[in-house]
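Protein chains in written order, with the numbering used here: chain A, 55 to 194; chain B, 3 to 183.
Think of the hints as simulated: they come from the structure by calculation, not from any bench. Everything numeric in this text was worked out from a predicted model, so none of it was measured. Where hints are given, some of them may not hold.
[As the list claims (entries may be wrong)] In silico lysine-lysine, DSSO-like type, Cα no more than 30 Å apart, as pairs:
| id | chain 1 | residue 1 | chain 2 | residue 2 |
| --- | --- | --- | --- | --- |
| 1 | B | 164 | A | 134 |
| 2 | B | 112 | A | 78 |
| 3 | B | 93 | A | 136 |
| 4 | A | 124 | A | 78 |
[As the list claims (entries may be wrong)] Over 10 Å on every C-beta distance to chain A, these chain B residues come out as not near it, computed from the model:
| id | residue |
| --- | --- |
| 5 | 23 |
| 6 | 31 |
| 7 | 35 |
| 8 | 37 |
| 9 | 44 |
| 10 | 51 |
| 11 | 89 |
| 12 | 92 |
| 13 | 114 |
| 14 | 120 |
| 15 | 128 |
| 16 | 130 |
| 17 | 139 |
| 18 | 150 |
| 19 | 151 |
| 20 | 180 |
[To be verified] Computed footprint of chain B on chain A, listed as stretches where at least three residues anywhere in the stretch have a Cβ under 8 Å from a Cβ of chain B:
| id | segment |
| --- | --- |
| 21 | 58–69 |
| 22 | 80–93 |
| 23 | 133–145 |
| 24 | 157–168 |
Ideal Cβ positions, reconstructed from N, Cα and C, are used throughout, including at glycine.
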Amino acid sequence: MMKLKKIIIRILILVIIGAFVAYKMYNKPHVNVANSKSDISLTADKILNDFSSDENSSNSKYLEKIIEVKGVISEINIEKEKGIITLKTNDDFGSVLCHLSEAATKKMSALQEGQSITVKGICTGFLMDVILVKCEFSNH
Amino acid sequence: MKILITIFSCFLFVAISNGQERYLTKNGAITFYSKAPVEDITADNNQVLSIIDASSGKMAISILIKSFMFKKALMQEHFNENYLESDKFPKATFKGSILNFDAIKETATKAQVKGVLTIHGVSKEITIDGDFTKTKEAILVDGNFIIEVDDFGIEIPAVVDKNINKKIKVSFNFNHKPYNK
Numbered sequence: 055m056m057k058l059k060k061i062i063i064r065i066l067i068l069v070i071i072g073a074f075v076a077y078k079m080y081n082k083p084h085v086n087v088a089n090s091k092s093d094i095s096l097t098a099d100k101i102l103n104d105f106s107s108d109e110n111s112s113n114s115k116y117l118e119k120i121i122e123v124k125g126v127i128s129e130i131n132i133e134k135e136k137g138i139i140t141l142k143t144n145d146d147f148g149s150v151l152c153h154l155s156e157a158a159t160k161k162m163s164a165l166q167e168g169q170s171i172t173v174k175g176i177c178t179g180f181l182m183d184v185i186l187v188k189c190e191f192s193n194h
Numbered sequence: 003m004k005i006l007i008t009i010f011s012c013f014l015f016v017a018i019s020n021g022q023e024r025y026l027t028k029n030g031a032i033t034f035y036s037k038a039p040v041e042d043i044t045a046d047n048n049q050v051l052s053i054i055d056a057s058s059g060k061m062a063i064s065i066l067i068k069s070f071m072f073k074k075a076l077m078q079e080h081f082n083e084n085y086l087e088s089d090k091f092p093k094a095t096f097k098g099s100i101l102n103f104d105a106i107k108e109t110a111t112k113a114q115v116k117g118v119l120t121i122h123g124v125s126k127e128i129t130i131d132g133d134f135t136k137t138k139e140a141i142l143v144d145g146n147f148i149i150e151v152d153d154f155g156i157e158i159p160a161v162v163d164k165n166i167n168k169k170i171k172v173s174f175n176f177n178h179k180p181y182n183k
């Protein structure tokens, strides 16, 4: 009888741990860009040139990575309460579009066109421009 | 005289290229919604590129699959890795024409777009209803439609088959501005 009780208790503990792990996995948080180290650091010119010369290999190199991009601001916009910063490149058509996080949007008012900045975000791909989402400002 | 001709032809060139009348947005919004028993699935993409040629009513849209943001990181992972296979098919596209484009007014006008939608490497001809507004400064397009995941070869494993609705409601909202470059 005591043996059976022990087994049941063990199984129960396992089930609880299993449920907890499953719950944790289901609610796994998104990557925190602000607190993560960037995977790749480069200039706006370089990332745009890479994508426009070979999109496929750039996709496998940059997509879903945390990228730190240095460039000069050519445009500042707000769309649906989220900031969007355009970084100039030496290409006539393409640029790097940085969609800011909510926290970064609040810090955006200090920025000006023509200013040089470093932005860290997740690269989702290339349309006319290279697109970074969840961007934060880097502190250097 | 030569200078005059040069200047004149420059103006002429500018006039012709303005005649192109392209309208564009780089931050169009697409949202999808699917009802599910455990938790409704929604995702937003605010980086959609959409171009309208106002002289012909032709429309072209490019969507990055990895730009769809989910509330749950795990859902986003499954969406990219298992269902849409975004490493293999990073973009979805639409190419088509706005029917009766000239009838669109400065107030919201119902109209249809007909064209080819490509998702997950599979193309399908569709016709979508939408509200269109056309002024000199902007062309607004919004509406929604239903897509069936089976139409685009998106396989949902049997285990979660019952948890995922195969009809997905897609909403779009684009604010195109004149493009001069």
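### Violations among the numbered hints
1, 2, 4, 6, 10, 11, 12, 21, 24
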